[in-house]
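Engineer: Protein chains in written order, with the working numbering: chain C, 1 to 185; chain Y, 1 to 393.
Worth flagging that the hints you see were computed from the coordinates, not collected in a lab. Treat the numbers as computed from the prediction; the structure is a model and nothing was measured. Each hint should be verified, as a subset may be incorrect.
Unchecked claim - Partial chain C-side listing against chain Y, Cβ under 8 angstroms, derived:
hint, residue
1, A22
2, E23
3, V32
4, A34
5, F35
6, I60
7, S62
We put the CB at the ideal spot given by N, CA and C, even for glycine.
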Amino acid sequence: MIEVRFHGRGGQGVVIASEVLAEAAFKMGFEVSAFPFFGVERRGAPVTAYARIDESPIRIKSSIYEPDYVVVLDSSLLRGVDVLEGLKTGGRVLINYPEASPLDGVPSGFKYYVIDATSIASAHGIGSQTAPIVNTAIMGGFAKICDKIDIEPILESIREIAPVKVEENVAAAREAFERTREVSL
Amino acid sequence: MVMTGNYASAYGAKLSRAEVIAAYPITPQTSIVEKLAEFVSSGELRAKFIPVESEHSAMAACVAAQTAGARTYTATSSHGLTLMHEVLMWASGARLPIVITNVSRAMAPPWSVWVDHMDSIAQRDTGWLQFFCQSDQEVLDTIIMAYKACESRSVMLPAMVIEDAFILSHTSEPVDVPDQELVDSFLPAYAPELKIEVGKAMGFGSLVKPDQYMEFRYKAMQGMEDARERILSVEKEFKHIFGREHGGLLERYRCDDAEVVLVAAGSVASTAKDVVDAMRAKGVRVGLARIRAFRPFPHQELRALGSKVDGLAVLDRSYTFGAAGAMFTEVKASMYSLQRKPAVKNYIAGLGGRDITPRTLEKILEDMLVVSKRGAEDEVEWVDVAGLPRRWR
Numbered sequence: 001m002i003e004v005r006f007h008g009r010g011g012q013g014v015v016i017a018s019e020v021l022a023e024a025a026f027k028m029g030f031e032v033s034a035f036p037f038f039g040v041e042r043r044g045a046p047v048t049a050y051a052r053i054d055e056s057p058i059r060i061k062s063s064i065y066e067p068d069y070v071v072v073l074d075s076s077l078l079r080g081v082d083v084l085e086g087l088k089t090g091g092r093v094l095i096n097y098p099e100a101s102p103l104d105g106v107p108s109g110f111k112y113y114v115i116d117a118t119s120i121a122s123a124h125g126i127g128s129q130t131a132p133i134v135n136t137a138i139m140g141g142f143a144k145i146c147d148k149i150d151i152e153p154i155l156e157s158i159r160e161i162a163p164v165k166v167e168e169n170v171a172a173a174r175e176a177f178e179r180t181r182e183v184s185l
Numbered sequence: 001m002v003m004t005g006n007y008a009s010a011y012g013a014k015l016s017r018a019e020v021i022a023a024y025p026i027t028p029q030t031s032i033v034e035k036l037a038e039f040v041s042s043g044e045l046r047a048k049f050i051p052v053e054s055e056h057s058a059m060a061a062c063v064a065a066q067t068a069g070a071r072t073y074t075a076t077s078s079h080g081l082t083l084m085h086e087v088l089m090w091a092s093g094a095r096l097p098i099v100i101t102n103v104s105r106a107m108a109p110p111w112s113v114w115v116d117h118m119d120s121i122a123q124r125d126t127g128w129l130q131f132f133c134q135s136d137q138e139v140l141d142t143i144i145m146a147y148k149a150c151e152s153r154s155v156m157l158p159a160m161v162i163e164d165a166f167i168l169s170h171t172s173e174p175v176d177v178p179d180q181e182l183v184d185s186f187l188p189a190y191a192p193e194l195k196i197e198v199g200k201a202m203g204f205g206s207l208v209k210p211d212q213y214m215e216f217r218y219k220a221m222q223g224m225e226d227a228r229e230r231i232l233s234v235e236k237e238f239k240h241i242f243g244r245e246h247g248g249l250l251e252r253y254r255c256d257d258a259e260v261v262l263v264a265a266g267s268v269a270s271t272a273k274d275v276v277d278a279m280r281a282k283g284v285r286v287g288l289a290r291i292r293a294f295r296p297f298p299h300q301e302l303r304a305l306g307s308k309v310d311g312l313a314v315l316d317r318s319y320t321f322g323a324a325g326a327m328f329t330e331v332k333a334s335m336y337s338l339q340r341k342p343a344v345k346n347y348i349a350g351l352g353g354r355d356i357t358p359r360t361l362e363k364i365l366e367d368m369l370v371v372s373k374r375g376a377e378d379e380v381e382w383v384d385v386a387g388l389p390r391r392w393r
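With the hints as constraints, model all of the structure from the sequences given.
Structural biologist: What follows is the structure, encoded as structure tokens:
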């Protein structure tokens, strides 16, 4: 089983990101489960979402405490939220991070990947310029860092789930897929 | 399709061709009626959608429309359900087979939007059938089956289909959405014997004197008793058409030759299956009995199980103050007539959305294996609570 935890803020589409992943994995023939944990339901508040992907039916309804992957939609959460909590040794972390800034001060033992999803979403006109919606771009990046998930089913899920600007969202995810890179510490 | 439990509820109501939907929004139920409002506005579902000003009015609108011969549906949660309480009694007394979804959520104060079963359990004496679900698929299927069972002439009582807040309501899982034609062949249009009709003078909900009242209650009791057989026969027919079943009144999982069985309701029972498998793999003889129907209560099924095991660990996700967990009280009462009684212990866990982990479930079963060796005990234990000894999470 693969377990994924998403960190973001209300309004960034964190829950939809987990649903895009579940839908994509389901298309690939996997059993899936995706669920959110809401704190206060308001724009800007930290939101966590989770996804499980497995070959056999998923019966566990308990939360995820030791994920294999962590996806961070908002790099400001790196300060204040322990986004690495419980992450398995060797686990992979995908962070929405500004292109030119170095990623430093993060603990070793994990693999880090970055993508500037904010700039990509903004360039494709997704959400507003001040609050771009980064979930589709970052899921393109996830297809890059996860061996089991392909980019095409991710794009197909985005086509089904995105309520507006469908092709812009797909283009953002594709661009993020191509530009996501591993950070050597 | 991959969908949440709430969308599964909406699809269940749509496939059942609910004709009148009256609802008031409440977290975490809202996306059910939002989806149904979409179905109605797009024309996918031909129904009258009535936005009302409270849950009390939502149930009152369902009662009125159902009395006029329409199939009705609503959905609610926690404080919304308890606000409906008075009208829930009316629905069952008037023998109206309304089906609703309750997204089971803790009661305030303190405020919580997360799962426990207090809201549903508090309605156990309203004369409604109550089905606790463990998966999104079961939610969809149970709504369709509940209409069919409840609309049977011998039953004519309302039903509450219960999904755990967030754990089912907002969890996306693969759900098979059956074809409308198949559902139509399984569930015919609602055609009650008696309904309000223009130009036809009849009395509904009239005053009866003491020389008649008890006969009405006796008949409602018979309806609920007949529901036992109807739930099973309807599920058998459902399986024949759709190829799925969900366990009747009491789902038994690996209970043959079990020493100790966990008795639980709702989504935690799904997690417990993984725990049972893991413990069985280590040679520990444990099983799971999932209370799917809390009303009518599966007394006979539990007795048959209880006579063969050493212990029943009853997990309640609510608490009846001054007594114990309601599931526990019922399970224990079921065991009384047995010659050889199993030990029965009550574990209170998971209130207000506290996660019940596989580790906690394993520890409960391990504890019960010890308790059952000591013989019957009358114990209620709160687990995973700050300051108490049984902290296993």
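Engineer: Should the hint that C/F35 touches chain Y count as held when the rule is a Cβ pair under 8 angstroms?
Structural biologist: Since chain Y brings a Cβ to about 4 angstroms from C/F35, closer than 8 angstroms, the hint holds.
Engineer: Against chain Y, with CB atoms and a cut of 8 angstroms, does the hint on C/A22 hold up?
Structural biologist: OK, holds: C/A22 within 8 angstroms of chain Y, min 5 angstroms.
Engineer: Could you check if C/V32 really has its C-beta closer than 8 angstroms to a C-beta on chain Y?
Structural biologist: Because about 6 angstroms separates C/V32 from the closest Cβ in chain Y, which is inside the 8 angstroms limit, the hint holds.
Engineer: Holds or violated: is there a CB of chain Y closer than 8 angstroms to the CB of C/S62?
Structural biologist: 5 angstroms, holds
Engineer: Does the nearest C-beta of chain Y fall within a distance shorter than 8 angstroms of the C-beta of C/A34?
Structural biologist: 4 angstroms, holds
Engineer: Just to be careful: measuring from the Cβ of C/E23 to every Cβ in chain Y, is the smallest value less than 8 angstroms?
Structural biologist: With a closest approach of 5 angstroms, the C/E23 hint holds.
Engineer: Measuring from the C-beta of C/I60 to each C-beta in chain Y, is the shortest one below 8 angstroms?
Structural biologist: Holds - the Cβ of C/I60 comes within 8 angstroms of chain Y, reaching about 5 angstroms at its closest.
Hint compliance for this structure: every hint is met.
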